Amino acid sequence: MNEQPASTGPGGSAWAAALEAVLDRQCSVLEDLDQWASRQENCIAAGNVDELLAVLGHRQSLVEQLLSTQAELNGLTSNFEVLLQSVPDEARTHLRGRMRDVDGALRKVVEQDDRDRAELERQKSVAQDELQVLESARRARSRYVADVPSSTGHRFADERG
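The opening residue of the sequence shown carries number 81 in my numbering; numbering runs sequentially from there.
There's no promise every hint is true.
Unchecked claim - If you anchor each label on the Cβ, the simulated ranges turn out as follows:
1) 216 / 140: 31 to 41 angstroms
2) 115 / 177: 15 to 25 angstroms
3) 222 / 148: 27 to 37 angstroms
4) 209 / 97: 53 to 63 angstroms
5) 165 / 206: 47 to 57 angstroms
6) 111 / 213: 51 to 61 angstroms
7) 131 / 214: 36 to 46 angstroms
8) 217 / 147: 46 to 56 angstroms
9) 183 / 219: 49 to 59 angstroms
By construction, these hints were calculated from the structure, which means they are not laboratory data.
This structure is a prediction, so every number in the text was calculated from the model and none was measured.
We put the CB at the ideal spot given by N, CA and C, even for glycine.
Please construct the entire structure, taking both the sequences and the accompanying hints into account.
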């Protein structure tokens, strides 16, 4: 990721510095989300529901932080192109690069979440199939027991009853 700060000296602007600060916070939150996404993936693969719930709770707080920075970003980008023209070329290039960094980090997190969602759906389907097999076996047993005439006593009793 681009780490060089935007120029805030002569010809730079407070707007560029504020924008970069928000983009830096977004990158930081997205890096944390990515790390927690790996933990989430491991919990899902291991079937560790309790730990998964804790991970999801922590990730939710990170998402809330990201949404907060997004609100700040929206305020800074209402006249983005006009404001961007007011900063030197180097700062402009740098800010566009930081925005690409944020976009790439966000895409990475969303793609991992999509893979995790698909895996959870697969596991849910497997669990439903297993429950249907158990329910079918229970119904079959109930019918079998209901079909055995009560006058014959215990059908599979040994000498002791």
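A quick look at each hint next to the structure:
1. The given range of 31 to 41 angstroms is respected by residue 216 and residue 140, whose C-beta atoms sit roughly 38 angstroms from each other.
2. Remark: the range hint 15 to 25 angstroms for residue 115 to residue 177 is upheld by a beta-carbon distance near 22 angstroms.
3. Range check, residue 222 to residue 148: Cβ separation about 56 angstroms, and the 27 to 37 angstroms hint is violated.
4. For residue 209 and residue 97, the hinted distance range of 53 to 63 angstroms is satisfied, since their beta carbons lie about 56 angstroms from each other.
5. The hint said 47 to 57 angstroms for the Cβ distance between residue 165 and residue 206, and at roughly 56 angstroms that hint holds.
6. The supplied range of 51 to 61 angstroms is broken by residue 111 and residue 213, whose beta-carbon atoms lie about 43 angstroms from each other.
7. Between residue 131 and residue 214 the CB atoms are about 26 angstroms apart, so this pair departs from the stated range of 36 to 46 angstroms.
8. The hinted range of 46 to 56 angstroms is satisfied by residue 217 and residue 147, whose Cβ atoms lie roughly 48 angstroms apart.
9. Remark: the range hint 49 to 59 angstroms for residue 183 to residue 219 is upheld by a beta-carbon distance near 53 angstroms.
Going down the numbered hints, you'll see the structure goes against 3, 6 and 7, while the others check out.
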